[in-house]
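Participant: One letter stands for each residue in the lines below.
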Amino acid sequence: MITLSSDFGSPYPAAMRGVLLSRTDARLVDVAHDFPRQDVRTAAFWLREVLPYFPPAVHLAVVDPGVGTARRSLVIRAGGHALVAPDNGLVLPAARALAASDPDSHKGATAAHGTDLDIYEWDAGDPASHTFHGRDVFAPAAAAVHEAGVGAIADLDCVRPADGYQELRFPEPEADEDGVTGEVLVVDGFGNAVTNVPGDVLAGRFGEQVAVNGDPAPVVRSYARVAAGERLLTVGSHGNAELAVNRGRGEAAFGVEPGSPVRLAW
Amino acid sequence: MITLSSDFGSPYPAAMRGVLLSRTDARLVDVAHDFPRQDVRTAAFWLREVLPYFPPAVHLAVVDPGVGTARRSLVIRAGGHALVAPDNGLVLPAARALAASDPDSHKGATAAHGTDLDIYEWDAGDPASHTFHGRDVFAPAAAAVHEAGVGAIADLDCVRPADGYQELRFPEPEADEDGVTGEVLVVDGFGNAVTNVPGDVLAGRFGEQVAVNGDPAPVVRSYARVAAGERLLTVGSHGNAELAVNRGRGEAAFGVEPGSPVRLAW
Amino acid sequence: MITLSSDFGSPYPAAMRGVLLSRTDARLVDVAHDFPRQDVRTAAFWLREVLPYFPPAVHLAVVDPGVGTARRSLVIRAGGHALVAPDNGLVLPAARALAASDPDSHKGATAAHGTDLDIYEWDAGDPASHTFHGRDVFAPAAAAVHEAGVGAIADLDCVRPADGYQELRFPEPEADEDGVTGEVLVVDGFGNAVTNVPGDVLAGRFGEQVAVNGDPAPVVRSYARVAAGERLLTVGSHGNAELAVNRGRGEAAFGVEPGSPVRLAW
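Chains as they are written, first to last, in the working numbering: chain A, 3 to 268; chain B, 3 to 268; chain C, 3 to 268.
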C-alpha cells in the first residue's frame, strides 16, 4: 500500500499515480492533495494526525517549496512504515507518531540521531525535471521502497544513511495554576481551530465555562451540545482542545488563525 | 466494495480510509466528500441518485451535524446493499432506491417499520472521540459489515433492530390542468437547478416553450440545443425537470436556489 | 486499468465509477474531475501531459459541452492504450503523445486519416439520458473496451471506423533571431503560466535575464532560486517555458492568462 499526500491540487497528482502504477501493483490511497500550498507546517500536522490510522504502508508526501534546490530527498523508516518526502520537516512529526504507535516499531542500530527512526537520503541522480520531484524523484523512490519492502530500504541502490535532516516540531503549551497558554496549530475545513493544548486539561470541566482569550465559552463534548451559531470549546478528534462554533466557523468567532496565541483561563 | 461519502472535505476522509484498510481488504470507492457541510438533505438527494449505479456494496455515508449527541448510528440493509450512517435521514432515500432497483431486493420478516428495508442500530459503546464518528464509529462498523457480509448483519455483536429512525422524504410536486408546481431540490456544480418535477411531464413538449415561474423557456433534450447563454428546460440525468443555461448557470438565470418554488405552466 | 477524467466536479464522477464497477473489475484511477468546466482545450493539454505517465490503460475522458447533440462518441487506439471520449478534440493531443511514447505503438493498416491512431466511432443507440453521456455512454464503452482488450476494439458490436473526427492542435511558437513568440496554454493551480515555448530555447540562458513581454526576468532551474515573491522564467515539468513567481502566482505578476501572447527576447 502506498499513500499519497501533496499540495499539488489537480491534475499533478495523476502524474505521480501514473509513475507509481508503471512500477508497482501496490494499492494507492490518497490522503489529501489540497494541503495549503507550500505550507509544510500545516501538512505536517495533518500527516501526523492521519497516517497512524493506516496499516503498514509507504507514505509518499510532497509539499516542497525547495524543489530543485540542494535540499535532500528522504526515505524514513518508522516501525513497519516508510515515509518518502523532501527534507523540510514535512514527515518528521508523522514518522515519530508512526514509530510510537506501531507495535512492531523498529529501534535498531542504524537509527540516525538517537531516535527510533531510520533516516536515509535518496539520491537518484539527475531527475527529468527541476520543478516536479513528486513525479520524477519521490514517486519512483516510493515505488522502489514498496517493491523492496520496508525492511530492505538500506539495500536499495539510491539509498544511504542521511548525514542530517531538517527537524520540525510543534510548540508545546505552557500550563500554570490559572490556566494554559498555547496556540492555534491549524484551522480545519469546518472552521474548527485546533490548538496544541491537550484535551486532558478539559477533562474535569465539561459543562463549565472557560475563558478563551478573555471571553468565556462552554466546555462541551461535541458541537451540537450548544445552539447553532454558539461558540464552544471541545476536545477534537486529534485529542486537542478545539475552538468551534456549532454549525458555524470557530476561527472567525474566536478571531484566531494558525499561529494565534490561545489562553485558556480557569 | 465499500463506498465513502461525507461532507468532510479534506483530509478527514483519509482517516476513515486508514481505519477501513486496517480492518478489511475491500475495494474503497469515493462517492464524494464535498457535500455542502452539514446539509443532510442535499447529500441525501445525491446519494439517492448515485448509489443505485453501484454493484452490491457497503455504503458508508457521514453528514452528521448531531455527532456526539444521542442520535443513533444505523446499519440498513437494502437488497444486496448495506448502508452505514448516522440516524438523521441521510441514507433513507438512497436505501429505498437501492431496495427498489435491486433485483435480489430482500423483503424479509425482520424488516422494520413495514418497509422492505432492514434497519439496525449499531452500538459500539464509547467511541474514541465525540466529534469524529466517521472515523471512530462508522468506518469500523462499515468494515465489520463488509467482513461479515450483508446477509449476516443481524449476527454482528454491536447490532440490534432499530427501535425507530429518522425519516427523510423529498416533497412531491402537484400537477393540475394548467401545469405543475414543484420546487428546486439541489443545484449541481454546473449551476443546473434540479427540481422534484418528473421529466415525464415534458415528454410531449420538446421544442415548445413552457412558462417557468412566469417566464417562457424552451423545452429541449440537451443543453447545446440552445445558444450559449440561453435559458432552457430539460430532463436531467436523474430524470427530473432541470432549469439550466447552455454553458452558463441556470440557478442564477432563473433566480432560484434549493427550496425555491418552481411553477411550470402549459 | 481505467483512468477517469472530467470537468464534472462532484458527485457525478461517482455515477461513472458505479457503472464501470458494475461491468468490470478493472482498477480505476482518477486523473482529475476539476478541469475548468466545458473547457475542452485546457483539459486536452493536461491529458496530453499526464496520460503518458500511465502504463497501458483505457482512458475515459469527458469534457462535453455538446452532450446530447449529434457529435460522435470516439474510441481511439494509441499504442497499447485506448481513449474513450466525445468527438471534440479532447483526447487527440494525448492520443498522439501516447502513440509516440509507447514502445509497442501500433501503426497498423486500419489507421484512420493517415496517423498511427485507430479512430473508431462508438454507437450504443439511444442512451438513458441526453445530458450525462459520461455515465450512460462513455463509462459503458470504456468498460466494454477494457473487457475486450485494446487489441479487440474493432470487434466490438457498437464500434465502426470513424468517418471523421474533430482535430485539436495547440499553436506552435515562432522563433526568430531575437527571440521566440508563443502564448500561454494554461495556468496551473500554483499560478504558473505554462507556455507553448519549448524549454530548449532556455538551455544556454540559465542565470541570465530574458525580456518577457518587455520586462526582464531571470532564467532559473527551479522556483526557489529566486527570493520569495520574485518573478522568474523556468522550464516546467512538461518541458515548456513557464512564467512563475517563487511562492507566488506567476500569471498575476506577468499579467497573463490562457491565450495571452508571450514574447521572450534575447
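Just so you know, the hints here were simulated from the structure itself, not pulled from any lab data. In this text, a Cβ means the ideal position worked out from N, Cα and C, and glycines have one as well. Keep in mind that the hints are not guaranteed to be accurate.
What the hints assert, rightly or not - Covered by chain B, according to a simulated footprint, are these stretches of chain C (three or more residues, beta-carbon under 8 Å):
| no. | segment |
| --- | --- |
| 1 | 17-24 |
| 2 | 58-72 |
| 3 | 133-140 |
| 4 | 164-175 |
| 5 | 238-248 |
Participant: Please check whether the segment 133-140 of chain C has three or more residues whose CB lies within less than 8 Å of a CB on chain B.
Facilitator: Holds, because 4 residues of the segment 133-140 of chain C bring their Cβ atoms closer than 8 Å to Cβ atoms of chain B.
Participant: Cut-off 8 Å, C-beta pairs, minimum 3 residues; does the coverage of the segment 164-175 of chain C by chain B stand?
Facilitator: violated (count 0)
Participant: Within the assertion that chain B covers the segment 238-248 of chain C, do at least three residues meet a Cβ-to-Cβ distance smaller than 8 Å?
Facilitator: violated (count 0)
Participant: Check, residue by residue, whether the segment 17-24 of chain C contains three or more positions whose beta-carbon lies closer than 8 Å to a beta-carbon of chain B, and give the verdict.
Facilitator: holds (count 6)
Participant: Using a Cβ cutoff of 8 Å, are there at least 3 residues of the segment 58-72 of chain C near chain B, or does the coverage claim fail?
Facilitator: holds (count 5)
Hint check: violations occur at hints 4 and 5; the rest are consistent with the structure.
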